[in-house]
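> So the chains spell out like this:
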Amino acid sequence: MADSLANRVAVRDRTVVAPATPVRARRSRARLVPLLYTAPALLFYAAFVIAPWLHSLWISFWDWNGIGVATWAGLDNYREILADPALRLSLVHAFGLILFYSVIPICFGLVLAALVANVPWKGMPFVRTVIFLPQILPLVAVGSVWKLFFDDDGPFNALLRAVGLSDLTRAWLGDFTWAYPAVGVVGTWVSTGLCFLLLYSGIGKIDPALYEAARLDGAGAIHEFWHVTMPGLRREMSVAATVTVIAALASFDVVYVMTAGGPGESTLVPGVAIYRLTFTAGQVGTACALAVVLSLLTCAVMFALNRLTREKT
Amino acid sequence: MKSLPSVKSALSAAAVLLALGACAPGSSSSDEPAADANAAVQTGVPSGPVELNLIATPESGAAMKDIIPAFKAKHPNVKINYVDTTYDDYNKSLNLALSSDTSPDIVLLNAVGTTVKDQLILNLQPYAKAYGWETAYPAGQLNQWRVAKDGTTLGSGDLYAAPASFSQVGLYYNKAKLKKLGIAAAPASLEDLEAALAKAKAGGETPLQLGNKEGHASFPIQLIGQSTDGPAAYAKWVFGEGGATFDTAGNAKGAQSITDWGTKGYYSKDANGIDLQGAVDKFTKGDGVFFVDGSWDSKKIGDALRGDAGFVAFPGPKATAIGTSVAYGISRKSKNAQAAAAFLDFLRGPEAAKASFAQGFLPSDTSTVTAEPGTISADLIAAWNKVNADDGLIGFNNNATATMNDTLVAETQKLIAGKVDPATFIRAVQSDWAKTHG
Amino acid sequence: MIRSMTRLSLLAATASVLVPFYAILAASLQPQDNLSPGLAWPSDPQWHNYVDAWSTGGFADLMRSSLIIALGVVPLALVLATLAGYGLAMMRLAVRGPIFALLMLGLALPYESIVIPLYYDLKSIGLLNTYWAVILPLIGAFMPFGVFWMRSHFESLPPELTEAAEMDGATSRQILRQVLLPTARPALTTLGLLYFMWAWNQFLLALILIQDPAMRTAPSGLGKFIQAYGRNIPLLSAGTIIVIVPVVILYLFFQRHFVKGILSGAIK
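Residue numbers (numbering that gives the first Met the number 0), protein chains in the order written: chain A, 0 to 312; chain B, 0 to 437; chain C, 0 to 267.
Hint data in this document are derived by calculation from the structure and do not stem from the laboratory. Treat the hints with care, as some may be off.
Unchecked claim - DSSO-like cross-link-like pairs, simulated, lysine-lysine; straight-line CA separation at most 30 Å: (1) B:K91 with C:K223; (2) C:K259 with A:K121; (3) B:K334 with B:K128; (4) B:K434 with B:K252; (5) B:K332 with C:K122; (6) C:K223 with B:K64; (7) B:K91 with C:K122; (8) C:K223 with B:K78; (9) B:K418 with B:K263; (10) B:K78 with C:K122; (11) C:K122 with B:K116; (12) B:K298 with C:K223; (13) B:K116 with B:K434.
What the hints assert, rightly or not - Facing chain B, a subset of chain A residues (Cβ under 10 Å, in silico): (14) D151; (15) S265; (16) L267; (17) Y274.
Unchecked claim - Selected chain A positions facing chain C (in silico; Cβ < 7 Å): (18) V32; (19) W52; (20) S55; (21) L114; (22) V118; (23) F131; (24) P137; (25) M301.
Since the structure is predicted, the reported quantities are computational estimates derived from the model, not experimental observations. Even for Gly, the Cβ is constructed at its ideal location relative to N, Cα and C.
Please put together the full structure from these sequences, using the hints given.
Given below as structure tokens:
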């Protein structure tokens with residue numbers, strides 16, 4: 000591909016017009032030119048992401064209902080997050096979702112990828128198409144699908160009844176024990192395809208010589224998996240972890256649609272809590288404080304993941 | 000280099016956005032004095048074309064599609080635009096809509112909330128006097144919309160909304176099932192009800208249809224609570240009067256009953272996963288002998304169960320109901336308050352009453368509507384008259400604070416799942432209340 | 000043995016993705032008074048459920064809004080990301096590091112943390128309840144991914160490509176337009192498709208920044224539809240499928256772009 004590019008460019012080269020600017024002046028200006036190219040994007044980003052985030056930080060120091068007059072609150076909103084069991088719980092739930100969004104999908108993906116890598120199959124393109132599908136769907140629709148699936152009169156209970164497990168049927172999303180895993184399993188459903196394909200493509204990039212060397216040493220399949228495949232996939236695993244952890248911590252759509260945080264607070268996540276604090280409780284300051292805490296935690300986790308994988312490689 | 004000016008302007012736009020954060024949020028909100036309760040106002044519709052925007056929820060606003068044309072027929076110069084959004088969206092956006100420059104004129108109020116405190120809606124006291132609303136409605140029907148000077152205590156003070164029609168929460172029952180179980184009449188006391196529930200359980204029926212995904216177990220708890228404590232005492236808490244408490248004998252009994260009924264299997268163990276509409280559907284399909292719900296579902300239940308559908312005020316020493324008016328307020332930003340007030344006055348007339356009753360909402364004066372005997376409509380009127388005679392209409396506990404609905408949803412779910420005991424439930428509810436009114 | 004185990008596990012994974020879809024498709028064709036659709040295919044498929052859902056849910060308006068928002072985002076976002084990607088690839092300044100870090104931050108910030116101030120800021124400049132209220136923030140939020148994506152594309156090209164042009168004295172603009180852009184078409188197509196999908200699918204921003212339900216994106220409209228018709232499972236299923244179908248069609252047509260974009264985009 001690089002060849003054909005080079006050819007194309009070689010042809011175009013001749014059409015490039017040489018301007019008559021002195022070389023020296025161009026050099027010094029050229030150093031700043033890239034900044035100009037970057038500026039518009041940075042401005043949009045600053046105006047609509049960074050500035051609102053700073054504004055959020057600012058509001059988090061106020062006691063404000065979103066309409067009336069605000070009074071300075073200092074760190075009270077942050078204290079409230081620590082003191083309010085429901086808000087604390089929402090953060091715990093967000094981290095718990097990492098198990099469903101990241102850990103399980105990466106394990107599944109790893110096993111599948113390791114299996115498939117050794118056995119080529121012409122059904123693979125179809126599998127790839129289907130297994131990746133959840134990644135591109137609107138999460139609200141995903142939530143809607145699963146909400147119906149777990150309804151007390153829904154297909155999942157029908158399935159249980161069909162296989163003679165009617166004793167297990169229940170309103171899954173209204174059950175204090177099961178609502179959280181039921182919401183979590185949606186994350187697994189969404190992330191597994193991504194993790195599998197990431198790891199699968201990663202295995203393809205591992206130097207075959209490493210496997211041969213292992214085989215010459217008389218290593219079995221399991222040994223090979225632990226000592227060649229796993230280390231070779233460190234980068235892909237860290238990527239899969241980063242992407243899915245962010246999705247877990249920021250989850251809103253799926254929970255909002257499936258349970259809105261209930262029953263009780265058993266599926267409450269920060270996204271839903273922020274929404275409620277803002278629009279029903281009128282505690283915009285507290286909502287912003289929670290948003291700030293959530294983004295700081297997310298950044299911290301990303302940083303930690305980055306460090307972890309960097310040190311080992 | 001040509002792109003520099005546009006870069007500059009974009010930079011300054013970003014600077015503006017950044018600077019917005021540098022002042023106290025919301026400090027620009029209006030500091031105008033509250034409208035004088037004794038201000039002189041004019042009644043009737045002004046001449047010349049007037050356009051009014053009205054917003055509501057689909058359920059409460061259902062009658063508007065008949066009321067607005069009836070008003071228009073009398074006042075052709077007034078054009079009313081009706082928009083509805085779902086309940087959640089509506090409550091989320093109401094205050095923000097009222098504070099915006101494109102505020103609607105007439106708004107459905109599901110609760111006073113912070114609309115008075117934040118000076119978003121008009122003091123209607125002058126219009127109440129001018130139109131004589133205070134004598135036209137029984138005092139209890141207006142009290143829910145009276146707000147004291149502090150902006151949060153309800154039940155006394157100036158009037159901020161005009162009731163169009165009323166809902167009442169009571170006890171639906173399936174007549175065919177009662178008959179089959181050998182129960183002669185609808186229960187008249189809590190003991191009767193408990194005996195009937197036990198009998199229904201023994202007879203292999205679902206005694207009580209209950210959907211608590213949206214926290215509707217709070218209905219029976221409140222109904223038992225208010226009929227035990229007496230409506231006058233109970234209303235103080237709902238109105239947010241200082242010193243009131245949720246920790247009453249009635250609420251304790253209510254919470255305990257719901258817990259006991261669950262243990263005895265009187266309602267589905269899946270109640271936390273069933274929403275109100277789901278419960279209505281199940282009840283109309285014969286799943287449930289009794290069902291505690293509002294009159295807003297009477298049409299659906301009556302249509303499905305026909306002659307088998309019955310409704311009574313919740314049994315107790317006094318006939319009480321949870322109910323609120325479908326009430327409308329006027330935005331302080333409305334430029335056509337006079338015309339809007341004329342429309343509010345029209346809402347208590349006979350045309351509006353008929354249109355509302357057709358949707359399951361009761362008029363203040365039941366003599367304006369009729370129902371065939373033996374129908375659910377006749378039951379609704381009978382129960383309504385009884386409740387009013389006992390002065391037993393009390394607003395929803397859910398409206399006691401802005402967060403009370405969320406709290407009741409979460410806490411009733413914990414209660415019926417056995418995660419908390421009745422005492423803990425009551426403490427949690429009271430602690431929410433105390434944050435606002437304490 | 001291993002072979003069949005592999006295939007079996009792959010098929011199981013595939014099936015687990017498809018079963019919920021099958022269930023909802025079957026449910027969408029049940030009569031509307033059917034409250035407990037199991038897994039059985041309806042004996043008399045009610046295709047008119049789709050017509051009903053389409054009209055009661057106002058999906059014509061919603062699809063149009065989603066399209067307007069997506070088409071508003073994609074061109075501008077592509078131009079900005081290309082310029083910035085090129086700029087970063089060329090950049091030899093010390094600010095490169097901080098710019099990088101700042102953009103990285105944007106990949107981790109959840110929308111929840113910016114949506115409330117956005118609400119008040121957009122309100123104060125009068126953009127709330129317009130399509131811009133979603134378009135502009137989305138462009139901003141899409142910058143980190145796009146800039147990294149385009150930068151890595153430009154850096155993956157052999158340096159000889161631009162060196163020749165530089166020798167000829169071409170300006171950076173000429174290099175970008177005449178040398179680099181022609182190579183960037185596949186990268187831009189992928190990025191454009193991803194931007195389109197993400198904008199089309201946007202839920203939270205549309206839910207909060209646009210009050211008029213008809214102006215929201217299709218997924219936000221679906222959120223409202225779920226609230227309003229929660230018990231009419233066949234209608235709800237049909238509505239869900241209506242919202243899903245456009246993205247699925249797009250995906251099936253441009254599958255390679257989507258898969259490659261998300262997989263390698265994540266790694267870059």
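> Now, for every hint given, state plainly whether the structure supports it.
Hints versus structure:
At most 30 Å may separate the alpha-carbon atoms for a hinted pair to count; B:K91 and C:K223 meet this at roughly 13 Å. Using a Cα cut-off of 30 Å, the hinted pair C:K259 and A:K121 holds, with the two alpha carbons roughly 19 Å apart. For the suggested pair B:K334 and B:K128, the alpha carbons sit about 21 Å apart, so the restraint of at most 30 Å is met. Of the pairs offered as hints, the one joining B:K434 and B:K252 holds, with about 24 Å between alpha carbons and a cut-off of 30 Å not exceeded.
With a C-alpha separation of about 17 Å, the suggested pairing of B:K332 with C:K122 holds against the 30 Å cut-off. For a cut-off of 30 Å, the pair hint linking C:K223 to B:K64 stands: about 21 Å separates their Cα positions. Using a Cα cut-off of 30 Å, the hinted pair B:K91 and C:K122 holds, with the two alpha carbons roughly 16 Å apart. Note on C:K223 and B:K78: the hinted pairing holds, with a Cα-Cα distance of about 28 Å set against a maximum of 30 Å.
For the hint pairing B:K418 with B:K263, the CA-to-CA distance comes to about 17 Å; that is within 30 Å, so the pair holds. For the given pair, B:K78 sits about 28 Å from C:K122 by alpha-carbon distance, which is consistent with the 30 Å threshold. Pair hint C:K122 plus B:K116 holds up; C-alpha atoms about 22 Å apart against a cutoff of 30 Å. For the suggested pair B:K298 and C:K223, the alpha carbons sit about 23 Å apart, so the restraint of at most 30 Å is met.
Note on B:K116 and B:K434: the hinted pairing holds, with a Cα-Cα distance of about 16 Å set against a maximum of 30 Å. Restraint check, A:D151 versus chain B: the minimum CB separation of about 5 Å is within 10 Å; hint holds. Here the hint on A:S265 is kept, as its CB sits about 8 Å from the closest CB of chain B, short of 10 Å. The interface hint given for A:L267 is met, as the beta carbon of that residue sits about 8 Å from the closest beta carbon of chain B, less than 10 Å.
Taken as an interface hint, A:Y274 checks out: its beta carbon lies about 8 Å from the nearest beta carbon of chain B, inside 10 Å. Given hint, A:V32 at the interface with chain C, holds; its Cβ is 5 Å from that chain's nearest Cβ, closer than 7 Å. Annotation: A:W52 was flagged as interfacial toward chain C, and the flag holds, the nearest CB pair being 5 Å apart, inside 7 Å. Annotation: A:S55 was flagged as interfacial toward chain C, and the flag holds, the nearest CB pair being 5 Å apart, inside 7 Å.
For A:L114, the shortest C-beta to C-beta distance to chain C is roughly 4 Å, which falls under 7 Å, so the interface hint holds. Interface restraint check for A:V118: the shortest CB-CB distance to chain C comes to about 5 Å, inside 7 Å, so the restraint holds. Given the 7 Å rule on beta carbons, the hint for A:F131 holds: about 6 Å separates it from the nearest Cβ of chain C. A least Cβ separation of about 4 Å between A:P137 and chain C falls short of the 7 Å threshold, and the interface hint therefore holds.
Annotation: A:M301 was flagged as interfacial toward chain C, and the flag holds, the nearest CB pair being 5 Å apart, inside 7 Å.
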